[in-house]
Amino acid sequence: MEHHYHYPPSLDKVNQEIEQHLKKNKDLAQVFEVYKGILTTQIKYMEKIQISVDLTEEEIKDYFRKEKYLLSDQDPGIDAELFKEVLDSVCKAIKETSPEAPDALLKLSDAEEFKKENLQKFIKDISLFSKKELEEYIKKEGMDQRVELDSEIIAFAIFMSLTPFYSLYMKKVAEITDFSLWRQSFCPVCGQTAVIARHRSDDGARVLECWLCHAQWVYPRVECPYCENKDHKNLRFFYVPEDKARQVHVCEICKKYLKTIDSKTMEKDSLLDIEAIATTHLDVLAEREGYKPPDGSAALN
Amino acid sequence: MNISRRNFLKLSGLAALTGTLAAKLGCAPDEPPTPTDPDDPTPVVDDPEELRVQYADTVIQICSFCGVGCGVLCYVENGEIIATEGDPDHPISEGTLCSKGSALFNQYYIYENGESTINPQRMTKVLYRAPRATDWEEIDWDTAISEIARKTKDVRDEYFIETNDNGEVANRCEALAWVGSAMCNNEENYLFRKFVPAMGIVNNDHCARL
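Keeping their order, the protein sequence lines are chains A and B. Numbered per our numbering, the first sequence spans residues 6 to 306. Numbered per our numbering, the second sequence spans residues 737 to 946.
Note that these hints are calculated values from the structure, not bench results. Don't take every hint at face value.
Claimed, not checked - Simulated crosslink set (SDA-like; lysine to any residue; CA at most 25 angstroms straight-line):
no., chain 1, residue 1, chain 2, residue 2
1, A, K238, B, Y791
2, A, K53, A, E138
3, A, K73, A, E138
4, B, K746, A, E140
5, A, K73, A, D183
6, A, K260, B, T794
7, A, K297, B, V812
Said to hold, decoys possible - Far from chain B, by Cβ distances over 12 angstroms, these chain A residues were calculated:
no., residue
8, D17
9, Y50
10, F69
11, D115
12, K121
13, K144
14, I181
Note that the structure is predicted; figures quoted are calculated from it, not measured. By construction, the Cβ of each residue, glycine as well, lies at the ideal position given by its N, Cα and C atoms.
With the hints as extra help, turn the sequences into a complete structure.
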């Protein structure tokens, strides 16, 4: 059974892992500073946020059996004012750790959408969006023009501010039941598509992790999570010869890829958020090799 | 690893911090990208040799040692098995292997004079040796299975005993024997047990090692 109490990670572990990566690639120093700034803010608010799950074990399992993720119609009860506070802090953390970031970030929380009377509706409207959908929504509503920020920046700040709420909801769910009934490419809790996985160090099982709420669930090793292709002749993986533990598993049918950390080879279970940042060269290589990132989320449409 | 890219990728999750978002936030790991050319998204790599990639396949197999039938994942590179490990998704073994199964990889090679070579005696095709012949010949599975079925039926028909010496119904064939395999699982053995009396076979044994 996969436990779900791994999030948030301790800052000591985060620092240790970052230190290891920086030995190999100093260029990532500032990116990791931004990540740490955001994570510290998220951890701070996770101690303040109150979230409850109004479902029984059997009701949750029923969602999973129907291949329906929980927040598709459950309301996590996000406190609008607290969300605005988190957003403000996340934006400040980004600006502090990356001074070249646009000054407009510091005024993002002043936008019309985050005013008290609009916030609850806005959160409800956007809570099920994938990254791409949220960016399109921001453009469609002209929010990017009004706050003078790129839609990708706005979407990222919003997602990073939703993480503490969704992660706490995920942890509450995991206290009621595990996710062993779930066999999808998208998250059983918030529906976001998994973009990174690891092979668990103790038994080698493939564990997908949600980048938004950090739920983890097991998915068969020899099967494409995105198109369910099970033919091993059309599934393979590649790696840079110097680093066998960091792999890219590709499907020749749908041409999508999943970055995967082989914890058995690495002899430890590393933090996937940090690995996602540190393995950006694998995204470049995957694109060069003709594969597409598993962006978007059919499940959310 | 140093990578410079004309175009940063648009990525999801925290990885976005190294993609187009990084450039927009001013924390890009490399120099800011030059204007994007949508017609040429090919990344430029500083050191192509460093970024050479090795492909591998994962093939699902069953351990050949005993009747438990544990699942094994074989990793294949350039047509050769480079590693094996327990299959975590196998319902029986759930990723575990015994000491023999863990050493399965070594069955693939022979070790002589400090060197390992792929065992040339490893069976990969059906081999047939005709009666009184000295050499083996390769045949396909369909031919082999048809031949086995034909000979089994012929022997059974020739030696089938409908009644014994007292004139009582016997319906048996003593000229055939059935030896089960230690590789077979419970469900397969159930089917064998149904098949054996249906054929009239009374000499039925197995070679289980558990």
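(request) Against the earlier hints, flag every one the structure doesn't satisfy and list their numbers going up. (result) Hint 2 alone not satisfied by this model.
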